[in-house]
Amino acid sequence: MKPMPTSEPRFATDRPQLARRLQAILPAHCLLLDDEELRPYECDGLTAFRELPLAVCLPENETQVVAILRTCYQLGVPVVARGAGTGLSGGAMPHAQGVVLSLARFNKILRLDPLARLAVVQPGVRNLAVSEAAAPHGLYYAPDPSSQIACTLGGNVAENSGGVHCLKYGLTVHNILRLRLVSIEGEIFEIGSEAPDAPGYDLLALLIGSEGMLGVVTEVTVKLVPKPEQARVVMASFAAVGQAGDAVAAIIAAGIIPAGLEMMDKAATAAVEPFVKAGYDLEAAAILLCESDGTPGEVAEEIERVTAVLTAAGAREIRVSQSEGERLRFWAGRKAAFPAIGRISPDYYCMDGTIPRKRLAEMLEAIAGMEKKYGLRCANVFHAGDGNLHPLIMYDACQPGEWARAEAFGGEILELSVALGGSITGEHGVGIEKINQMCVQYKSPELQVFHAIKAAFDERGLLNPGKAVPSLHRCAEYGQMHVHHGELKFPELERF
Amino acid sequence: MRLDDLVSAIGAAYACGTPLRLRGAGSKDFYGGMLLGDVLEVGAYRGIVAYAPSELYITARCGTPLAEIEATLAEQGQMLAFEPPQFTGASLGGCVAAGLAGPRRQQAGAVRDFVLGVKLIDGTGQVLDFGGQVMKNVAGYDVSRLLAGSLGTLGLLAEVSLKVLPRPVAEATLLFAMEEGEAIARLNQWGARPLPISASFWSAGQLFLRLSGARAAVDAAQQKLGGELLAEAGDHWLAVREQQHAAFGTGPLWRLALPSGTPPLGLDGLLASEWGGGQRWYAGDQPGAVLRQAARQAGGHAVLYRAAESQRGLEGAFAPLPEPLLALHRRLKKSFDPRAILNPGRLYAEL
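Protein sequences appear in the order of chains A and B.
So the first sequence is residues 1 to 496, counted in this note's numbering.
So the second sequence is residues 1 to 351, counted in this note's numbering.
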């Protein structure tokens, strides 16, 4: 599918000229030019959107990155930076007239300082590799997106990735100290520092989650935190989804910030249980997984409080992990949710809206209605503590019309997230996937500010064009389409 | 006061190119660069707009006193975890605009880490909404967090949503006698272990260490660390937060933000250090160039934190930025405040 809209900026690259210029600055093994070699780069983790780039650059050092960016800047060629390509919003989908800049060979941990509790890593280092390198010192890197075995720090920075422990330990933005990046003009910037703060505007906040629109990161300094002595999980099952949602709110209201607080609905547990045999209550409408970490005494104290809250909230069954093996088994089902859905459905489409926790039951009820409306099944896994929902819409790309229905289904979930006071994306980014829904979340003045920020870093709009922030023209087209197709959505809801 | 009043005031200033000095309670008039422009008092735009304890957020207007916010949160057993100073009646807008955090910064994070969303009036008088009230939101650039510490140079933070956290169940303060170098070394060793250390304050050979968390965790840490248990330490930490502890003196003051493990700099005028060694305070009656140079060499920076406006104007309150970075600041400033009317010179003379 070719998603690029008509209204985004147009580029017309002279391919032979581009190839010659890149060949002049890169050794042969760092440059891919044949369609056959380019094919593996045509999409990221969102496989529904594909585009073939004109070239893929695999630089081995920063000097080469600078040269590539300068060249593309001079020629007016779009550049899409890419890490491991595990992103779920099409943020690393290539531009048909552009270059993919892969940071895969920037895969070294440059420095790990256990006393200062930080690591300086290249952007192509895998998320989990940082924690593995820090483990001998009793430290780890906290953000743990479910793709952590494969996803890289550069991509984590671009997306402001989360994970299952965000509520207590924060997102990527809370765990990065410093970035080194190259601008599209080939200028090098150092942002942030190893000190608690840096002078000037907090550009670190702006760059983290900027989806490759502002610069190319060549070095990341991450914060490392001490590994808790112990972790245990409480698993509770509920007869009604609403009860489970209320239980989540009750835990927070009781003054508890669990290390992880996850929910799965019946469709999700049914999909994973045969796969992982975690012992989930398959009769339950929803299950909660609540993790406590700390000293053994602290964990025991918190688990006692959590258990009391869950009991009062009407849990039909509560189990506490009695060993590390059991804890991992309880989690295994949650972590295997995506592949498990992949086993029961030829394709699935993962959404990423966030909502206020108290609106959870409302959202799940609406999703149940949408399953009927679009004739597609949906399983729900939920970072309940953060209000971040991952509905997994099941479809078959080989059946004509199913993808279009899945896309419309997803779009409706996102727009309902905004209407309920939330956001279209909690941790996966806008990319190309949610570009239309950005028009729902933001009005033109805010979008104009985003464009101005983009221009402050990349005046000619060469970095990842067409992603993350829609043009006002596109939003006008999208708005018209909505007016044509029906009334304002969710007229019964109060707007925020 | 209504939002419209602020919108029209800034809109009128934009039309005429009149510089404005945004002012809430004025509790931080001592901080930052120059105080230029016609004063726009925003303290009367106040009040808590929304507070949802189980959703962990509070939304309030810029003029809302921090004391009111803290009291409201305390009723539900919650707090602003970055423990901001209140000085003389500080209000929310200034708290976020200045980005100053207190002792708990070392455990909980900085002001920006808790910013969820803002309603901003930019330099043209336009109202803009960024972020929201949910914990996770990666739609669009994170403008809300960018505004923390921007000292009102990008817009007036008319309304802010902050993440709040439960107050710790238990706290204890331990006292150790040790010199600066040993304190820095110990704090960094402890920092690498899973201990519930929520604040540190070293001054004149004494290290105060605050533990916060579950009762069991605090008790266990106390056993491991030793030291002398200080009863009734609340006043001590309040004085540190408010910088009324005797160590801070009343004269000019430099703040050095450093990588926490930086060994003692060996410079005159060290008054105190906090945040596990990451924040160190020096008396302000010495040449700024020496402190700036030492901080930069250590990988940090020095702020002329409290001084007469004339000295701040002369030395610059904040460490100078390298030219490419300054140019980027200028371009960002221009996109929010094209006529440069908001708090000119408060962050840098060039902005």
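For the record, the hints were derived by calculation from the structure and aren't laboratory data.
Each hint should be verified, as a subset may be incorrect.
Unchecked claim - Not the full set, but computed from the structure, chain B residues with beta-carbon under 7 Å of chain A:
| no. | residue |
| --- | --- |
| 1 | E55 |
| 2 | L128 |
| 3 | G140 |
| 4 | P194 |
| 5 | A220 |
| 6 | L267 |
| 7 | G269 |
| 8 | G278 |
| 9 | G300 |
| 10 | S335 |
Ideal Cβ placement from N, Cα and C applies to all residues, glycine included.
Hint by hint, here is what the structure shows:
1. E55: holds, 5 Å
2. L128: For L128/B, the interface hint holds, since the closest Cβ of chain A sits about 5 Å away, which is under 7 Å.
3. G140: holds, 5 Å
4. P194: Cβ of P194/B sits 4 Å from chain A, so the hint holds.
5. A220: holds, 5 Å
6. L267: Since chain A brings no Cβ nearer than about 16 Å to L267/B, farther than 7 Å, the hint is violated.
7. G269: violated, 19 Å
8. G278: It holds, given that the least Cβ distance between G278/B and chain A is near 4 Å, below 7 Å.
9. G300: holds, 4 Å
10. S335: holds, 3 Å
The structure shown violates the earlier hints numbered 6, 7.
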